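Peer 1: Protein sequences appear in the order of chains A and B.
Under numbering that gives the first Met the number 0, the first residue of the first sequence carries the number 0, and numbering increases by one thereafter.
Under numbering that gives the first Met the number 0, the first residue of the second sequence carries the number 0, and numbering increases by one thereafter.
Mixed in with the good hints, there may be bad ones.
Examples of chain A residues lying across from chain B (beta carbon under 10 Å, computed) [claimed, not checked]: (1) 153; (2) 156; (3) 159; (4) 238; (5) 248; (6) 259; (7) 263; (8) 270; (9) 312; (10) 372; (11) 473.
Hints were generated in silico from the structure; no laboratory data involved.
Remember, it's a predicted structure, so these values are computed and weren't measured experimentally.
Note that beta-carbon positions come from the ideal geometry of N, C-alpha and C, so glycine has one too.
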Amino acid sequence: MKPSPATKNGGYPIMHVTDRLRLEVTRRHFFGRSSRGIGTAALATLLNPALRADPGDPGEPGAEAWRGVIDPLHRRPAAKRIIWLYMAGGPSHLESFDHKPKLAEMHGQPMPESFTEGQPIAQLQGQQLRCLGPQHPFQRHGAAGQEIASIFPHIATIADRICIVRSMVTEQINHDPAHTFMNTGSTIPGRPSMGSWLTYGLGSDAENLPGFVVLTSSGGGQDQPIAARQWHSGFLPGRFQGVPFQSAGDPVLYVGRPPGVSPAEQERVVRTVQKLHKIGHEVLDDPEMLTRISQYEMAFRMQTSVPELVDFSSEPDHVLNMYGTQGADGTFAANCLLARRLAERGVRFIQCYHRGWDHHGGVRNGSAYTAKLVDQASAALVRDLEQRGMLEDTLVVWGGEFGRTPMGQGDGRDHHIKGFSLWMAGGGIRGGITYGSTDELGYHALPEQRVHVHDFHATALHLLGIDHERLDFRFQGRDFRLTDVSGQIVSAILS
Amino acid sequence: MSKLPTALAVAALLTAGGMVARAASLAVAADESGERIGFNRHIRPILSANCFACHGFDANTRKADLRLDLPSSALDPQRDPPAIVPGRSSESELVRRIFSSDPEEIMPPPETHHVLSGAQRHLLREWIDQGAEFEPHWAFLPPKRPADPPPTPWDDRAVNPIDGFVFARLAREGLEPSPPAAPAIRIRRLFLDLIGLPPSPAQVDAFTRNPSPAAWDEAVDALLASPHFGERLAIAWLDLARYADTVGYHGDQPVSVFPYRDYVISSFNQNKPFDRFTRENLAGDLFPNPTLEQQIASGFNRLNMTTEEGGSQPKEYLAKYASDRVRTTSTVWLGATVGCAECHDHKFDPYTSRDFYALAAFFSDIEEIGVYSNRGRPPEIAVPTRNGRARLTELQAEETAIRKLLAEPSPEWAERFEEWRAQTRGTAGQGADSREVDRGELWRRYTGGSTHFDAYRQRLEAIAAERNSIAEQSPKTLVTVSVNPRPMRILPRGNWLDESGPEVAPAIPGFLGTLDTGDQRATRMDLADWILAPDNPFTARVFVNRLWKQYFGTGLSRVLDDLGSQGEWPTHPNLLDWLALEFQESGWDIKYVVRLIVRSQTYQQTSQSSEAVQERDPYNRLLARQSRFRLDAELVRDQALAASGLLVSEIGGRSVFPYQPDGYYQHLNFPKRSYTADAGSNQYRRGLYTHWQRTFLHPMLKAFDAPSRDECSANRPRSNTPLQALALLNDPTFVEASRALAAQILTQTGPGSGPRERLDRAFRLSLSRSPSPQEEALLLEFLRESRAEFTLHPERAREFLSIGQAATSFQGDSAEWAAWTSLCRCLLNLHEAVARY
């Protein structure tokens, strides 16, 4: 291959170089160059698998944008991206989407042992278990008459867009492992999160931004800690980990120039680093240097794209008002708008955590308070996406790591994993339906339509065109999947 | 094509080119080359990946009662039809099924998504025709001392048998070793690999002037003796041991266990034999009268994540801690994924669910609770500082002297005592039995009644108080304390709520034998003894394989945490066994093995790759050259600090807090956390001393792939991401280092020096080499532009030059300094500055 003219003259247009690099890296790292057909290297690879392309480092060398390992997709995708409004702490299904009149009748009475015997219990261990009736009234909304609690007046207005799932179950009853399970399908730390699986499998269309972004806001409950392992890439390469945006300081860690460094000076540094890498590569012939060049390019672009992303001045007032925000200030409302802006820019997986749903006491006021912080913006996001024609290929998920007990913990509720609710909307989801149910007291999800976390994962992957059984990665001798060895697609909720 | 030498090559073509028609030539060619198809090398990987899940170890998922891992089942002539008939593939059902085109019949079944390639099917058939010989899995057999490798044309270059084994493989593959790397690169590599710090320009010059083998050996010995050797080697061990400064779950509260980290560093520095190190880690508390060091070492068993989240069920968490220890112990020493047997028998290796819980039972004597409160993680002990220890020794001596004095009369008191004894004979307390009251007792009575001795008694109290106060002020560390073992049950499907499973006693995996401990329950020390037994097939191999990774970028078997069926057949099995036996027989001497490796010609080769080698072996598994790879996260930091002269190279101590972006801990809670960067010398400590917050690891370390250490991890990935670029560009640590490096250059080279001289200095400090003319031209131009910018905007220069706490030693023109700082930023951002060549 001849060097392109761009490298011969003194000028060094960075954008051109990438293309050249892509070719160079490809040339270096795929054995069979066309002129020789199957190269001699190929012979060494079969009987000595050690010489095969290293599966531990997919994407390395990675001068090219990552296009995902699933090519072509396993099925026609219904959605291209996911925005997950993650209600951390465990929102009460009984004060949101699972209406239980019988529980109101039983208010204050002992919880029948038939429900609770042999079940795992968190903070109510060893205490007398009494029913706590729903703390907020429910009304029917939309053409389909979806039952939604009064503390979600805005979500009520999109009742016909959303599919409520009332029959979620999970396996972990404490926040930290339950988050880990919800995000990675395992309680053992070190497994990749769903966003990492998706960016590994599908790549990302974002040119100047990471493919997996995490936004976090708080207020209203006990503000559960959210560990970075929730967006970690586990045993997948580090490039697939989620990038958290900060609400204070630089939106992305280290994206801001050092004090006293003008944009021009920063650019001078970056371009010089690039040129030095280029010179270095000619001497040392190290493909990692080419990768470095493309990563510095991306980093440099992020220094412009991230501030531009979080600058809402281009958003008209009616949009800001719809979400209920004025600027990217770290509130849930701002993060929802940021999520839409990220989605527009091709980001594959966006998680907006809200940390305020852990209502062990005062669930009436607590849930109302936290609902107020998220309700308007959640609905606004769905509407906004719809108005932009993006809802049809965006899967929006609203839900947390578990629900809350029908039994009171004082005037609050404890963690509950045997039945809870979430909703989904958008790409490939049938709006205006409720799927599954819990028993009359809201304790157990009824088995016929029970949706396990693995089922939820399988369904989400399915919507993005992935067969969850075929997105795997060899680690410690085993082909791991997001859905472990289970996962049933919940076909009834698909449009 | 005409070059293709062996049958194996033909088989390779079949896969790559799909030229199934040429399969017939396979058998012939295989005979010609004398290379038979080996079960372990060629067949087991195919069966393991595609067949064992249903025809292997796990009885619960086994189909058709057929095991392809066992010849007794696979070759059973009673089966109808027989699965495998040795020598007769056409009569073997296995062959019929893998070649079938009927979706109902074909193996593996379509729903498994496993598909055998054409070549794999032909290999299986050929292997059966060659006699279907099974072999036990290589890693389950103890290492054997291999025959000497055959001679090669390069034997005169060989330094030790490592080269012999590597050269032999190269000869077989039609490749040849590369020449040694240029001296400057080579010496830098050695420094980075052995101590993780770059050589000084003077050290580079010295070796470049005299790059003789003797000078190399001298450098090797000096670095092995450096106190930084232990720091460098500790990094990988701390990943394995899942060492961190916080508890990991939920609120991720801090816990003090850094003395364990310092123990690891000092053990490697002392070259403590690995067998002793192992026993101390697993069972330090079980030594008779364990020393402080052994107790600290036993903290290994307590480095798992723990919780204090409200509403956690103690039994559930005890089960989590138990399984963590099985995963950790089996990964660290056995390179085995026994963790997979928590819910069911292992699918690929002969570990049963019982084995999992029997291993867990070794640790059920560890004193602990499932759910902790208020940040305590007892049991812990105080580890006095060096001064504290000195003072304790003094106090001990003083106390001994006083107690001796109080225990029996010294010559000067003897006379007065005898007088008193005579006077008091027959009075109270000395009745008829006075002959039996011994002299010591009487002396105690005498001193007890004498005010003269009050001062001594008071002194004893003061000593006790001071000792307590030293203990209180001393850092604490978690230790293992052995208590009455909790019962360990097999948990069906790993479900901690299900108590129906049988109780198990501590035992090693059944297929590897049993421990003979008589009537005694086997202890962690027994486990350690078995791990270190001369015929244990794993321990030495696992360790030397990981060392190899440190010095070549990849293990001889690439999968560092799994030497089982699903692991990788080593590229150089004989070399791996030879090294393992050298390690064992040297008395588990780590420095001896490291010295062997880094003295070898193989190690010293250039990492430059010819096109042919690059095409043939892009991942450098055959070692026709050295590898080049990015440094570990901690060392990335160390390079900047070392080049700039800011590095404070003190060893050990509490973990430190480098600069970190504000608000990074904002989503931590219980309690809320704020972060205050260390002031003074602790700001400039090596990366491995960074406060390891599991849930929010320092973002620069995280960007460069340091693991959170939630779990034992044997293999760090090496990614190359934009976040790394952002960290190197904008993290104040690197900007400050650039400023200090610039100040150093400007000061050291003196005001009369030209920019070329200064640039040379900057390169030598950061990259251990001089710039090329091209680089020089580029950077001098950069310098002009940057200087112009800062001259025009002195306020920017001021702001830029005040990043970081370090006092400045440069008083000259600040635009000049700022421009050089900018230039140094460029250098510290180079891949070459954070990689090893």
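Peer 1: What hints, given by number in increasing order, does this structure fail?
Peer 2: 1, 2, 3, 9 and 10
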